[in-house]
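Novice: Sequence:
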Amino acid sequence: MSGHPKSASYPDTPDGRYFVVRGRLWRKSNPALNEHMRQELVKALMSARRAILQAKKDPMAVSEARRRVDEAKMALGERGPVWWEDGAPDFNRYLVKNTPYADWFAGLGK
Numbered sequence: 001m002s003g004h005p006k007s008a009s010y011p012d013t014p015d016g017r018y019f020v021v022r023g024r025l026w027r028k029s030n031p032a033l034n035e036h037m038r039q040e041l042v043k044a045l046m047s048a049r050r051a052i053l054q055a056k057k058d059p060m061a062v063s064e065a066r067r068r069v070d071e072a073k074m075a076l077g078e079r080g081p082v083w084w085e086d087g088a089p090d091f092n093r094y095l096v097k098n099t100p101y102a103d104w105f106a107g108l109g110k
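Quick note: the sequence shown uses our numbering, first residue 1, plus one each step.
Among these hints, one or two may not hold up.
[Stated by the list, open to error] With a straight-line Cα cutoff of 30 Å, these simulated BS3-like cross-link-like pairs (lysine-lysine) come out:
#, residue 1, residue 2
1, 43, 56
2, 97, 73
3, 57, 43
4, 56, 73
5, 57, 73
Everything labelled a hint here was simulated from the structure, so no lab data went into it.
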C-alpha cells in the first residue's frame, strides 16, 4: 500500500480498510487492484511527491504536483469513493477514538 508503513506499530483494522498512525485512521489501497497497476500507481504517487519538493518556490508547479498526488491516491482507493461495497461509511483521517474502531484500538493497548 502506498502510504502503509510495514511495521507492527501501524496496525491494520480488523476489516483491512485502514491502518492507524498516531491514533488516526488512514485508508488503505484497494486490495482488488492487480499488483502491476498498484505498482504503477505507487510509482506515479512517489514521482508527484518528489515534484512537490522540487517545486517549492513555484506555486503553479506545486499545485500541479499536488493534483497528481490526489489523482494517484484516488486511483489507489486511498481517497475519493470507498472501494468496499457494503455501504459502511468512510472514516479516513478520523481519530480512531471517534469511530466504531475505538474499542478494538483500545484493546491493543496503544
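Novice: State for each hint whether it applies.
Specialist: Each hint tested on the structure:
no.: 1; hint: 43 <-> 56; in the structure: holds (21 Å)
no.: 2; hint: 97 <-> 73; in the structure: holds (25 Å)
no.: 3; hint: 57 <-> 43; in the structure: holds (24 Å)
no.: 4; hint: 56 <-> 73; in the structure: holds (21 Å)
no.: 5; hint: 57 <-> 73; in the structure: holds (24 Å)
Checked against the numbered hints given earlier, this structure breaks none of them.
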